[in-house]
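There are 2 protein chains.
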Amino acid sequence: MTKLFTLSVDTLGSETELNDILKGLNQSLLRNLNYKFQLYGPEKIIKKKIENYKRLLKVTEIIDCDSYITMEDKPSDIVKSKKTSSMHLAIKSVTENLSDAVLSFGNTGALMSLSVLNIKTLKGIKRPAIASIWPNMKGESVVLDLGANTKLDSRYLIDNSILGASLASILFKIDNPSIGLLNVGKEDNKGKEEIKLASDCLKDLSQNFIVNYYGYIEGNDISTGRTNVVVTDGFTGNISLKTAEGTAKLFQSHLEDAFKSSILSKMGYFLSSLAMKSVRDRLDPRVHNCGILMGLNSLAVKCHGHSEFRGVSYAADIIYSLLDNNVNKKISDYVSEMHSKLTN
Amino acid sequence: MTKLFTLSVDTLGSETELNDILKGLNQSLLRNLNYKFQLYGPEKIIKKKIENYKRLLKVTEIIDCDSYITMEDKPSDIVKSKKTSSMHLAIKSVTENLSDAVLSFGNTGALMSLSVLNIKTLKGIKRPAIASIWPNMKGESVVLDLGANTKLDSRYLIDNSILGASLASILFKIDNPSIGLLNVGKEDNKGKEEIKLASDCLKDLSQNFIVNYYGYIEGNDISTGRTNVVVTDGFTGNISLKTAEGTAKLFQSHLEDAFKSSILSKMGYFLSSLAMKSVRDRLDPRVHNCGILMGLNSLAVKCHGHSEFRGVSYAADIIYSLLDNNVNKKISDYVSEMHSKLTN
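Residue numbers (our numbering), protein chains in the order written: chain A, 5 to 348; chain B, 5 to 348.
In isolation and in its complexed conformation, chain A is listed as follows:
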């Protein structure tokens, strides 16, 4: 029997255009035939725009709402108020088993707080982390945390290692994903106390074959693909990811300027434009911009607040592939297995 998956999508509270959301979901639907959608937002407007996407229209339920959480709303205020906001309703649908996962482009802190409160964390996981899939020289790696917990805490780093390894094993179909702990140097004496503590614990786990811990890695190792999983705290991860995004944009902008600088290089640009496009697609931060909230009982994914249709469709694909692989059950099993080994 073919499994059907329902994704509830919060369409409000960000700069992402409704059209990009619809076009992205429609594209993903071409690849993932058993997708269904719930769209949370103003019914009248969605109904009008979705007319252009016949295929999407057939498998979509629109849940009318106007209220939304803004980027400025503080998580602490949102939990109490705005119970009818698009984000709140989309999350509730998951907790009530009316859908399998939630996708939002809005306020990350609010999505995190509402998810923790409603979907709740897996047994043994204290706080969720935000994971992202990063391109590297060898393929891709899982990097986390990208901003859920800005506090540096060895317990979070160990939880993140377990969550990241379970995600990588599902996504990349490998048995013992290697885990690297992001630090300012590879030597044992480098870094902060919390990181050393986490490293010692991961070494123990590794010696007992519970995880496959590589050791400390440095910022440039993310791109070389030194390990399948890159673990860091949410403060460092958030700033690093955004710095890398900025660098990619800077490179692209300089490249485009340079190509316009002479007739020969303009011709060169024209001749190589297809090659250029493939690089842009592979490294475009507009595509690789979804954050997977890890450690919850159901899947919640946050896309960049200013996503384009490619980013939406990439995120929808990832979610489908995770659901299709029974990600929550697997991660939950993995986490409880790790924890039972930890306590033995």
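In short, the hints are calculated from the structure, not lab data. Wrong hints could be hidden among the right ones.
[Claimed, not checked] Here are the computed lysine-lysine pairs in the DSSO-like style, where the Cα-Cα straight-line distance is at most 27 angstroms: (1) A:Lys196 x B:Lys78; (2) B:Lys207 x B:Lys194; (3) A:Lys196 x B:Lys196; (4) B:Lys253 x A:Lys142; (5) B:Lys200 x A:Lys155; (6) A:Lys334 x A:Lys40; (7) A:Lys155 x B:Lys190; (8) A:Lys124 x B:Lys196; (9) A:Lys155 x B:Lys130; (10) B:Lys124 x A:Lys194; (11) B:Lys264 x A:Lys264; (12) A:Lys78 x B:Lys270; (13) A:Lys78 x B:Lys190; (14) A:Lys58 x A:Lys40; (15) B:Lys253 x A:Lys194; (16) A:Lys78 x A:Lys51; (17) A:Lys196 x B:Lys200; (18) A:Lys207 x B:Lys78; (19) B:Lys130 x B:Lys270; (20) A:Lys155 x B:Lys194; (21) A:Lys270 x B:Lys196; (22) B:Lys127 x B:Lys200; (23) B:Lys142 x A:Lys264; (24) A:Lys78 x B:Lys194; (25) B:Lys40 x B:Lys177; (26) A:Lys130 x A:Lys87; (27) B:Lys155 x A:Lys196; (28) A:Lys190 x B:Lys78; (29) A:Lys264 x B:Lys270; (30) B:Lys270 x A:Lys142.
Small disclaimer: the values here were computed from a predicted structure and weren't measured.
We have chain A; now place chain B onto it with these hints.
Just chain B, lined up with the frame of chain A:
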């Protein structure tokens, strides 16, 4: 009267080839005619290789030494032992006024410890920071700290703001360089306690026109050039810089692969190779890889452990320009002016 500047160069303890050091210095000498050099390393080998660089040979004194500090040596051990190492002797030359600045490619922690101990920090500065000059969409910015102090401390962040602003004002010839504090969001409630404290203090200083504080910035703002100075702690800065370097390399590697993918794109690559080269030069981490130790009584600069001649010549150019602008006097004046305003 033309001023002569002497740079003492530690040639040992890294993977940087002696030939790259000599070629780089020789290139910088073509642009900066009043440079003199002291090279610390094995006299016999240096004498043989420097024969190829007649111009450099004329203005260079070789100080024979074989002992050097390795990348594995711990800073705490080095301070006591290895008093005849190339790095130690190069630093001593600065403290004894036999040279104006020191350049090393070796162990960063050792260079920092030996510099603090011998050259000593400026009055009012608790710990030096490592600053780097980063390319951005508008030109360049000063980013610090890149790894001197991995501890997050509001006092260091404020010191770094003052040091960074003074460096930017000299390098970019601007009066009130704007300062941004790196954080995980732009809103006042974002980030850690130490950062909020530093931000409040910088706001006060800004209201009294002591500094030009912009506010919080995010990782991607480094590349857009939102502010002239980017302030962060050494842990976050080190990992971000290395992540950005890795991203630039990844982009370049994918681009080269893509250009080889078809005959048309190969032709395109050939036609646009000059344009490509200019981008590589502008964004090449092998060029922009020098860390300026800020807050010391004399200038000390650390280049990447695996530098190429372009990186060496870029670093030598920066040092010359800073010396020519009387950087130590200016920074010292700037810092004491800030501190006197702070205490008033």
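Checked hints:
1. A:Lys196 x B:Lys78: Answer holds: Lys196 of chain A to Lys78 of chain B is near 16 angstroms, not above 27 angstroms.
2. B:Lys207 x B:Lys194: holds (16 angstroms)
3. A:Lys196 x B:Lys196: holds (16 angstroms)
4. B:Lys253 x A:Lys142: Since the Cα atoms of Lys253 of chain B and Lys142 of chain A sit roughly 13 angstroms apart, the hinted pair holds (cutoff 27 angstroms).
5. B:Lys200 x A:Lys155: Measuring from Cα to Cα gives roughly 14 angstroms; hence the hint holds.
6. A:Lys334 x A:Lys40: holds (22 angstroms)
7. A:Lys155 x B:Lys190: holds (18 angstroms)
8. A:Lys124 x B:Lys196: holds (25 angstroms)
9. A:Lys155 x B:Lys130: holds (25 angstroms)
10. B:Lys124 x A:Lys194: Roughly 23 angstroms between the alpha carbons, so the hint for Lys124 of chain B and Lys194 of chain A holds.
11. B:Lys264 x A:Lys264: holds (21 angstroms)
12. A:Lys78 x B:Lys270: Distance ~52 angstroms between Lys78 of chain A and Lys270 of chain B Cα, so the pair is violated.
13. A:Lys78 x B:Lys190: Holds, at roughly 13 angstroms.
14. A:Lys58 x A:Lys40: holds (13 angstroms)
15. B:Lys253 x A:Lys194: This hinted pair holds, its Cα atoms lying about 25 angstroms apart.
16. A:Lys78 x A:Lys51: Not satisfied, since the Cα-Cα distance of roughly 31 angstroms exceeds 27 angstroms.
17. A:Lys196 x B:Lys200: holds (21 angstroms)
18. A:Lys207 x B:Lys78: Cα-Cα ~22 angstroms, so holds.
19. B:Lys130 x B:Lys270: Roughly 54 angstroms separates the two Cα atoms, so the pair is violated.
20. A:Lys155 x B:Lys194: Between Lys155 of chain A and Lys194 of chain B the Cα gap is close to 12 angstroms, so the pair holds against 27 angstroms.
21. A:Lys270 x B:Lys196: violated (47 angstroms)
22. B:Lys127 x B:Lys200: holds (26 angstroms)
23. B:Lys142 x A:Lys264: holds (18 angstroms)
24. A:Lys78 x B:Lys194: holds (10 angstroms)
25. B:Lys40 x B:Lys177: Since the Cα atoms of Lys40 of chain B and Lys177 of chain B sit roughly 25 angstroms apart, the hinted pair holds (cutoff 27 angstroms).
26. A:Lys130 x A:Lys87: holds (25 angstroms)
27. B:Lys155 x A:Lys196: holds (8 angstroms)
28. A:Lys190 x B:Lys78: holds (13 angstroms)
29. A:Lys264 x B:Lys270: Roughly 18 angstroms between the alpha carbons, so the hint for Lys264 of chain A and Lys270 of chain B holds.
30. B:Lys270 x A:Lys142: Since the Cα atoms of Lys270 of chain B and Lys142 of chain A sit roughly 23 angstroms apart, the hinted pair holds (cutoff 27 angstroms).
Of the numbered hints given earlier, the model fails hints 12, 16, 19, 21; all others are met.
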